[in-house]
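Novice: Chains H and Z supply the protein sequences, listed in that same order.
Note that full-length UniProt numbering has the first sequence beginning at 1, numbered continuously upward.
Note that full-length UniProt numbering has the second sequence beginning at 1, numbered continuously upward.
Simulated from the structure, these hints should not be mistaken for lab results.
Source: prediction; values computed, not measured.
Any given hint might turn out to be false.
Pairs count within a copy or across copies, as identical chains cannot be separated in the list.
[Unchecked claim] Below are the DSBU-like pairs computed for lysine-lysine, each with C-alpha atoms no more than 35 Å apart in a straight line:
| no. | residue 1 | residue 2 |
| --- | --- | --- |
| 1 | Lys344 | Lys293 |
| 2 | Lys312 | Lys283 |
| 3 | Lys283 | Lys255 |
| 4 | Lys344 | Lys283 |
| 5 | Lys293 | Lys320 |
There are 2 protein chains.
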Amino acid sequence: MNTPVTSKQQVHGALNGVRVLDLSQGIAGPFAARLLGDHDADVIKVEPPHRGESGRRLAPLKTDAPEPEQSLLFQYLNWNKRSIALDISNTLDQRTLRALIERSDILIESFRPGTLDAWGIGVDVMLEWNPRLVITSITNYGQTGPYAHYEASDLTLQAMSGIMAISGQVDREPLKHGLSQSYYCAGLTGAYASIMAYTAAQQDQFGEHVDVSIHECLASELVLNESYYAFLGAVQGRRAIVQDPFAGEPIATRKGFVAFQTGGGAPFETFAELFDRPEFLEKRFTSPPEREKRVPEVRALLEECVADREAKEVFLAGAKKRLLLGVVQGASDLLQCEHLEDRKAFATVSHPATETELRLPAELAKLSLTPTALRRRAPRLDEHRDEVLVELLGPSDNKERV
Amino acid sequence: MNTPVTSKQQVHGALNGVRVLDLSQGIAGPFAARLLGDHDADVIKVEPPHRGESGRRLAPLKTDAPEPEQSLLFQYLNWNKRSIALDISNTLDQRTLRALIERSDILIESFRPGTLDAWGIGVDVMLEWNPRLVITSITNYGQTGPYAHYEASDLTLQAMSGIMAISGQVDREPLKHGLSQSYYCAGLTGAYASIMAYTAAQQDQFGEHVDVSIHECLASELVLNESYYAFLGAVQGRRAIVQDPFAGEPIATRKGFVAFQTGGGAPFETFAELFDRPEFLEKRFTSPPEREKRVPEVRALLEECVADREAKEVFLAGAKKRLLLGVVQGASDLLQCEHLEDRKAFATVSHPATETELRLPAELAKLSLTPTALRRRAPRLDEHRDEVLVELLGPSDNKERV
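Bound conformation, chain H alone:
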């Protein structure tokens, strides 16, 4: 199936004409807002003066850059946005915020529950200012419930949500996943929920409050495990220590690891062909119960087959034969991956304060007629104050507060 040829010339992204205020901090909220910006929403980042939002201090840091522009992660999470610095706990700046809210469709925030209320600008107040506004809150444990005010991090949320309990191997402690995937998952959820609520607001003329709990986003992923428990009385645990080497255990090659599985588009016997080893035609290898009886032997043969080859080369040869396998790719492999390259999955963006160019993943979904685009790098703190105020409020309003 190919991308269709259409008669309409592409002129804009899917969310052209939608304005988003991003008051959020860190990863999840900014990522949600950026996804909307990637689809051409006008995203205005409202940050605290002086140091900006906390995401400007997230590692990795480029310490030779000036202070509020050191975080590399911030660059990734905030392109396609403009920045204005406002102290929204302060009533004077709240007048500016109100003017922005009156001209916006979606507001994303990630303050501790109760913070906006304490500043006198809770959801009720914002909906009075703009009854069609969608307000999306993305927080660790959500807006309500007994844990709503507890401290949390990616690691503690992975623990609390059941992800950690089933990751790793049974002979070791539970393992955390790499990176901050809880936050990215919640960011995706925040993006889709915001757009759903926006769709309803367009139809009904009523905005609403969207409450995303990172804890719940993760707990929802544990469905299979919960099903086992509720339905069968059994619980999926971490992986067995010794298992069929064709169940995906990474096998070391001369360069890199490769993971093999059965169940692809070719019969098991195809491994004999791939490795030029007739042993893989014998029942002691073709039969899964037989393989499980002699795991060390199978593993040794497999290791021998790939010892002189590179993981990528084994992958390509096997994949062309419709076998199911994968290379354990690291960052450098990904940046050189011919498939991602061919699909233009990465984009290059300049750091605002140095000459450095960054190559980063830039597209999660390809829309044929209204494509995503990296239209601008992440903003410097307060970079667009004048532009935003003049464009939204007219030439004379609030210019005294620079």
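Got chain H sorted already, so can you dock chain Z onto it with the hints?
Specialist: What follows is chain Z alone, placed relative to chain H:
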């Protein structure tokens, strides 16, 4: 911040009036379609006759249920949908499919790239039938590029996308995450991209093709690692074997594991109070570099502190003091979690063929005015044939094909 009280009575979900055809199979596509259904879209599942889609055979299975209704996972991925069985490779059933497409807004499919074209119903044909249709394809490696036709699974995609390389510990092989999170992540992406394209189609009157690659969704999560590589020339690897026990390593209690971290809302000294152990006021514990010099000693003290307590009890006591910590919860803990209970994160749904009731996570985002709802359990294969055909096509059309 509380959910706002509004004057408008809630009557429907956010996507009320939107019709979705779900032609997809397995996890990612059906999950995307279900998210739209949870927000009140009318989702019609079009499945192959006789055995239904492949998701009906996904473990865990309830083997005492009749055949196409054995999969428990299917129940979770397909509630809020109706089912009609059509052989869409067959020109006669394609007439019915066309009639459904003409009356729908979004179509989600997950066939191997090229399959729909081979059946004569590619994206171009569908857009001719309904120029406002959004067609979302969710596939392993996307629609284009050299790997587009390769076999893949959750495990091989985790390997290929860089997730596996940074999970686990440095002294062991790379580790796969628990469950099929690549598919859920792609499902979230498919849902938001579909709605964005739908928003554009409403405005422009032009539908389009949305191409979601599961591989890319995962590779995008590796941003931090790619940044390190591109920017600093360093690569984040798997975790060190020996690290500060206050960096989140799960610690065994009398019942369950608990993970501790510093950096919460309370100073480190609060641990002295939590455990009634003045040692935690001493510099050898309060200073991170000092702790790292004596990891076994710190770990032993921490283990001693929790040996006679339960993980949940330690968590609650610590969280109330604004310390940062988490219990490694399993499925049974989650089903009993008072916070998820309070937030009504789970719903109970009946199995269609047995008396069994299933308790499953049912909401990823709470919309205040247009809430999600579990309106119907997953359909039996072809359960809504007559209802769908009469409702969409009128009383007499296509009734001969039952």
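Novice: Look at each hint and say if it fits the structure.
Specialist: Results for each hint:
no.: 1; hint: Lys344 - Lys293; in the structure: neither (45 Å within a copy, 46 Å between copies)
no.: 2; hint: Lys312 - Lys283; in the structure: within (28 Å within a copy, 49 Å between copies)
no.: 3; hint: Lys283 - Lys255; in the structure: within (30 Å within a copy, 45 Å between copies)
no.: 4; hint: Lys344 - Lys283; in the structure: neither (44 Å within a copy, 52 Å between copies)
no.: 5; hint: Lys293 - Lys320; in the structure: within (30 Å within a copy, 51 Å between copies)
Hints 1 and 4 from the list above are not met by this structure, while the remaining hints are.
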